[in-house]
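Q: One letter stands for each residue in the lines below.
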Amino acid sequence: MSEAAMLNWVLFLPVAGMAALLLVPRLRADLVRGLSLAVMVLQFLLTVVLYLEFDADLGGLQFETRLPWIADWGVYYHVGLDGLNILLVLLTAFLGPLVVAGAFSAIQKDVKLFYSMVFFIQFAMLGTFVAQDLFLFYVFWETMLIPMFLIIGIWGGERRIYATLKFVLYTAFGSILMLAAVIYLVWSLKSQTGITSFAFADLYGTRLPLDAQVLLFGAFALSFAIKVPVVPLHTWLPDAHVEAPTAGSVILAGVLLKMGTYGFIKLGFPLFPEATAVYTPVIMVLAVISIIYGACLALVQDDIKKIIAYSSISHLGYVMLGLASLDLLGIQGAIIQMVSHGLTAGGLFLMVGMIYERCHSRDLAAYGGLAKLLPVYSVFFMVLTLAAVGLPTTSGFTGEFLVLMGAFNAAWPQYEAGVTWPLVLACLAVLGVVLGALYMLRLAQHFLFGESKAPHQPLADLNLREKAILALIVVAVFWLGLFPDSFMRKTELGALEYQQQVMSRPAGSWVSVEPAGGSAP
Amino acid sequence: MQQALLWFFVLASLAGGLLMLVLRHPMRVALALISTMVSLAAIYAILGVHVIAVFQVLIYVGAVMVFMVYAIMLLDVRDPSFTHRYSGYLLPGLAGAVVLVVAFVRGLAGSTPAVMGAGVGTTFDVQPFSVAFLNDYWLYFELTSVLLLAAVVAAIAILKARRRGNG
Amino acid sequence: MNASTLLTAMLPEHLLLLGILLLIVLEIGARKPREFLWVTLVTVFAAAFAAARLYVSDYAAAPFPGQFSVDPAALLGKATLLGLTLPAVLIAGGEFRGPRFSILLLSSVYGACLMLSSDSFLTLFLGIELMSLPVYALVLLAMGRPESAEGALKYLILGGAGTASLLLGISFTFGSTGSFGLAAFGAALAGGDTMARAAVVLVLLAFYLKAAVVPFHAWAPDAYESASVPVTAYMATVIKSAVLLAAVRMFAGTEVPASMVVLLAGLPLLSMVWGNLTAMRQESFRRMIAYSSIAHAGYLFFAFLGPAQGRYEAVIFYVIAYGLMNLLAFVCLPTGEDATRDRLDNLKGLFGRNPYAAVLIAAAMLSLAGIPPFPGFVAKFLIFRNVIDAGYTGWAVAGLIGSYLGIYFYLRVIQYMFMSAGEEAAAATPSRAWAFAASLCCLLPVILLTIFPGWLLDRL
Amino acid sequence: MTQLLTLIVVLPLLGFLLNGLLGQRLGRGFVSAVGCGLPVLAFLTAIMAVRAVLAADAPLVETAFRWALVGDFAFDVSFYLDRLSAVMVLIVTGVGSLIHVYSTGYMKDDPGYARYFAYLNLFLFFMLLLVLGRSLLVLFVGWEGVGLASYLLIGFWFADPVKAAAGKKAFITNRVGDAGFLLGMFVIYSTLGTLEMDRINAAFMGPELPAVSASLIGLLLFIGATGKSAQIPLHVWLPDAMAGPTPVSALIHAATMVTAGVYLVARLSGVYLHAPEASAVVAAIGVLTAFFAATIAVVQTDIKKVLAYSTISQLGFMFLALGVGAYGVAVFHLYTHAFFKACLFLGAGSVIHAMGGEQDIRRMGGLAKKIPWTFGTFAIATAAIAGLPPLAGFFSKDEILWFAFASEAGGQTWLWALASLTALLTAFYMFRLLWLTFFGKPRMDEHTAAHVHESPLSMTGVLVALAVLSAVGGFFSIPHFLEEQLPLPAVDERLHHLEHTLVIIAVAIGLAGLAGAAWLYSGDGSRPARIGARLAPLHRLLSGKYYVDELYEAVIGRPLTWVSDRIFLRIGDRAVIDGTLHGLTGLARQAAGVLGRVQTGNLHLYAWLVLAGIFALLLWSWRHV
Amino acid sequence: MDNTQLLLALSTALFAIGLAGVVIRRNLLVMLMCMELMLNGVVLSLVTLSQQAASTTGAVLVFLVFVVAAAEIAIAVPIVLLLARRKRTLDMDAFTDLKG
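Protein chains in written order, with the numbering used here: chain A, 1 to 521; chain B, 522 to 688; chain C, 689 to 1148; chain D, 1149 to 1773; chain E, 1774 to 1873.
Quick caveat, the hints were computed from the structure, so don't treat them as lab data. Heads up, a few of these hints could be off.
Said to hold, decoys possible - Covered stretches of chain D (in silico footprint by chain B; criterion: 3 or more residues with CB under 8 Å from a CB of chain B, positions within the stretch not fixed):
{"#": "1", "segment": "1740-1753"}
{"#": "2", "segment": "1757-1771"}
Stated by the list, open to error - Which stretches of chain B does chain E cover? Using the computed rule of at least three CB atoms under 8 Å from a CB of chain E, they are:
{"#": "3", "segment": "545-554"}
{"#": "4", "segment": "622-632"}
{"#": "5", "segment": "654-662"}
Glycine is no exception: its CB is placed at the ideal position from the N, C-alpha and C atoms.
Could you build the full structure based on these sequences and the hints that come with them?
A: Right under this line is the structure:
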């Protein structure tokens, strides 16, 4: 297979997997599971090859494919890897097999449909990451809702319908406005240059008046912010997480939430640099609020999954902070933090799922002293908890440290120039580090230590499959914590390009276009 | 003279229309409608559109209304709609109609149709009309037959459905 | 005008007429009642094929200048309508004794085709009537539903009001432009005097009424619910499509003057909101689809805000996507007693009983909701793109938000099918060959349009 | 060997991995061998490295690998060994090794033996990272890492919720400090563009001062130091940390980890030299901490708590020295303190071991004869901490007092006075401890008394070694050893004549403490009770530890929970955000109901809608021609 | 007001009256007749305007309207018969089974 085609292979392998599942008889659940795992592993291996082949010294897109899709509209099937998405693609492919394997025993109902949906969402997520055409991106972006809706809605907990509808309606609202913005953006490009194109590369060159940018960015940002989620648009997340089956939570926390931040870094900020400048204070404030608010809420939850869900809000606040800081450290840190959060939150959700399978309770108060009952489990749980806390040598530290440093580094010159609020925000964000320890250790404390109790005893410790899943995650966590450099090499040029795209355009240099005509209702 | 007749028939048809709203028994309503139709036919005749006037009388009064009257007689059921003529929407309905008429009259009063002034030609005599109809408009003749065919089938289907249905 | 033009240009119509006549002969000749569904199928298929074939060869002719002409746009429209009729006929298999159903259906399609070729208001008027009159009867032909006559009458009386309004509009159009040609509408639209305005309003109103735009929509839920499933499917797809395509033909190249925008966007917007909101609480599938179709009429009329040259593309694509998906949902409905078959409750747990049907209905619902990657999304995108292209960004945003309101009730159907337990007693419905064939009829083009929407869009 | 420093660091890590992964399966012999052998190896390697440094008379720098490169800035994991870190690394590996050996005896019967040694090795690894790290980042990694190890070891007996909670408290209190540390690091990076400590010092030592307030950096980093070294206001965790196994208290919470703050300040002396305000704060906090901790220690009854507060107090002394610019002296005290405090803790461990787990000194007494080795070493260490000559503590403490008095870099009379008072208290409470534990009548029950026995050789041997070091350690003058790197501050010439006087006062203070304790606690024990009764409120205040924990709980803990739960969760999330959403969906639902009711099924209404529609459309279109 | 406008006014009036009849009258047959009245009104307007323009097309359209009206009634009356048989009433208000 040719180099460029390989990305397509990776992308469409889940579709092939779905097709293959169709052929398996419905009752052969084991075959379904095995086949799914095999496809996912294959996909991961291919992705690793892609990752290794990805040349860190080349800017721009690699493994690019560009085929006309809706030629009439200038829509292309245009995919490629660059510094911004390479790690996220790797993360997605990495979590794929783990999700599949993690659900082996948990999912007993409609197994075939379940794995089809996992493939479906895998496809949509990868597609969103690699798409280089706004239309294609939007299609993948929205398509993601469908499998997630079903995964939560079919295999979820008691209030699954409420949770899944909340999730879909929340996200869809953002997307609707984004759709309008997409159309408007493409129309502006056309009216300025005569080119009808959805290609990111073309759209980056659009020059819009500030007021239009502000509106369009608002629409894009709303959609992305809901997905991230940024406080106060976050309330779907705890519900979705709590009700989702383990695999759903892992996908949600592991990859789906990164869509929002990826959207910001790939589209939101670079498309509207001047508007970004206008919005940066708001975004930074919201990011810091997310960090602290999420942490505070995680502190008072009694449902284990909710704690992790709120911690996700807090952790993604760091990502937003890093991205908005526009400091190279912050950007790189944000990318690492995305991956790290995918690993830790994904891993923690898997672990909660494992205990839930055994005890059928997510109530923190129902547990205690698991360190004695489940020693191996506890070790993994502790490691992932500490990674979530951001302890050095784990991936969490790499991300948080670089983000905070970036934010501070960006704020300091402003402080010296007499603008204090960015510095205040950076300092408040550092406070999140303390709060993070507070709620995560509270979880570990109640869960692992103290008097031994569990709703269902005796408990079997992790089996080989579960150990293998967690071991892989833990290895990745430490790898990213100890040797992030190899990963950051791959993303550096992408981060630089992003930074330049957003920063290099001096304010006021844009050419004004005609404001939109027509009347509003 | 002609103008007076015109006015007379205008008023007569209007009166017939209004009577339709107030008369209690459907048969009387039918009679009011027939009178309106005949008045309209007279107006057409005054305008010199004899073909239409004839059609009006033949098709409407002769066919449609006879059918209606037959139906009325067939369905001589006594039910509340005979004693309570009006639905709950009497006032809104009347108000709507009045404002609509006022709107139409006031709106159209100021506008002069672009087609004004050609006057009556020989177009509406039976012979030129028939020739034109069969030469230039025979498509409509064909289509009309399809339409009637469909209507007949529809009517039969409904009647048969009645026989079969009820279950 | 020579005979071959006459024959070729009206080939689809001729084939339909041939079918109608054949069926009449067969009905008269048959000793005992038989279905003759094959005749209908072959007729519709042949007509659709003829239209498609002519479209592919870029055929254009005017056998009756000023009254009836064909061009590729009309032919594609006809092919679409006839193609959409096919699944409706297929699922009618076994439901109707005697060929009257077929005759009425064919006549109605005949009328729909006529509308798409009309050059004068006379043809249009006849087309509309020919399309509508048989449907009044078809609505009534539902098996064992006492309410269906009520639905038919409501449809008929409101339809009659629509007819009257159309005629008054035609007469005013003639009054203000001196022509009965279809192009006169454009002139009236552009013209500013009160009579022209009244003409536009009244003609438009007739179209609104036939397409079920609020507040002229009220017949639709009742008629849809009372009709049998194939007829509802036919009404929701073919009739709505025909009305909209005819409207496109009527608007022709006329840009909507800024002063008329509110008129053309206001009621459709209201329709979206009204239809989408009301659909939330329905318990009957057909009624829900009726409200959904009211909302979709709203989206479709938004297409008229856009630039004139994009209108046809937007509407035809939308109509194809919308029609296919709607039909897909209808053909996959579980079989059973007509009255209970479309209770939404009946869909509960469908996935467990019939995964194939459940997945297809789910896809249909998502497409109707405009969620990618289904063609419904591309269609919606196209329409709102045109609106924004024309500079009506505010309206587009409002319309998109209106469309957002609809997501919930489509998802509810999926929720019922996949996430609720159904009574297992209802299980084991035999999958009928007819319905399966019908589903394939819709599914294959849907797959094509999902993966390669460009294939169609590039040809428009 | 070029990667000597890396090897020092890696050895304990290897121990951690071996013990952690395989320890459970391979048995105690293996665990002991790995657990003690590798630290000892590390100690030996450290000696080699230090010799290399001394021979070359230049710091040893090694880069292990590149952690990250962002833009032009490289975060290298590199190690740096100069005289200062040499002292530290020797203490850490030396004392560490001793404590490992001691632990083999102390933890003999614990089921978590392998886990214990794994944690201990992990601690050593992080501590060495902290000590050897060249860049603040590496130091920070070690800094947080030792916190983790401390957390794990405090909570070692996790089944007890109190102990587990103590671990959590330690971690979180440290995190607060770490936040300050991080900020300090960020300021340094943003202004100096480097995190390597030698470069930072160089930047401040250079001809042109950086354009940033050294005091700001100094204060921020000092926040970190207060966390790790248990200074006011972040001192609350250390006493609770005594929940861990006693050798852990000795190693982590006395000898090594808690001195990390001292090390940090000494390491960045270049910054603090230019930060008089920060230094003043350091000195003040140090002396206040020393004093308050000493007062609390006077009334403690738990043998380990007394030692814990004494540790806080001694750390206060070190910070006092740092604050007045006597960095070498602080390190000197750190060094002597490591010996005698380790000895004390291990001795206490031996006592507890002998008493079968009893820690309350009110139930001890008269142990001197039963466990003579323990008593002897404990007595030596007590004398050392009390500052009696010629023991190690005397030298270091004396120098601290002197510089507190006379340093030109911030020496103040009140610092000296308070420090001297503290020294008096120190001598007093230490001898009180000694008296109550070892002298007088036994106060334990019969059963315990019968079982009192001397500890095994692995423990007593270590005690003896540490006692010897406590006794003679003071003769090796660390300030002198560090002179070229950390010069002592100038001393006001006019005060020079007072030096000998002060020494005499210091000795007198130590003796006075001894005498006081002897007088008070010899006899039937009624004297302390009488005094306690007379000063009841004060006693309550002191045994309540000034109610700092309660204050924090009331000011921070409870409000935080309250705000999170009541404001954020109930009002913010549920009422405002979800409430709005539910309101909107409710609105849509209601609208659906209302609109559904319009569809009455009545044709008249439908027709009227058409009528109204026509009218409205006509009117609108005519109005808007 | 000249004759054309008079007749147009009459035409719209009849149209409106017919529509109002559908709104306000309860009897099904009366409603049907009111529908016819609407068509009659429309025809009047068509005739008036085509007569002004001497348009044959207009006349043809009028003819078509007649046919359509007849066809409509041909379908409507059987439906009414059906309804009347079923509920023994011609009261439109009785036929509100379909709603919501």
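Q: For each hint, tell me whether it holds in the structure or not.
A: We went through each hint and held it up to the structure:
no., hint, result
1, 1740-1753, "holds (count 3)"
2, 1757-1771, "holds (count 7)"
3, 545-554, "holds (count 4)"
4, 622-632, "holds (count 5)"
5, 654-662, "holds (count 4)"
When each numbered hint is compared with the structure, no violation occurs for any of them.
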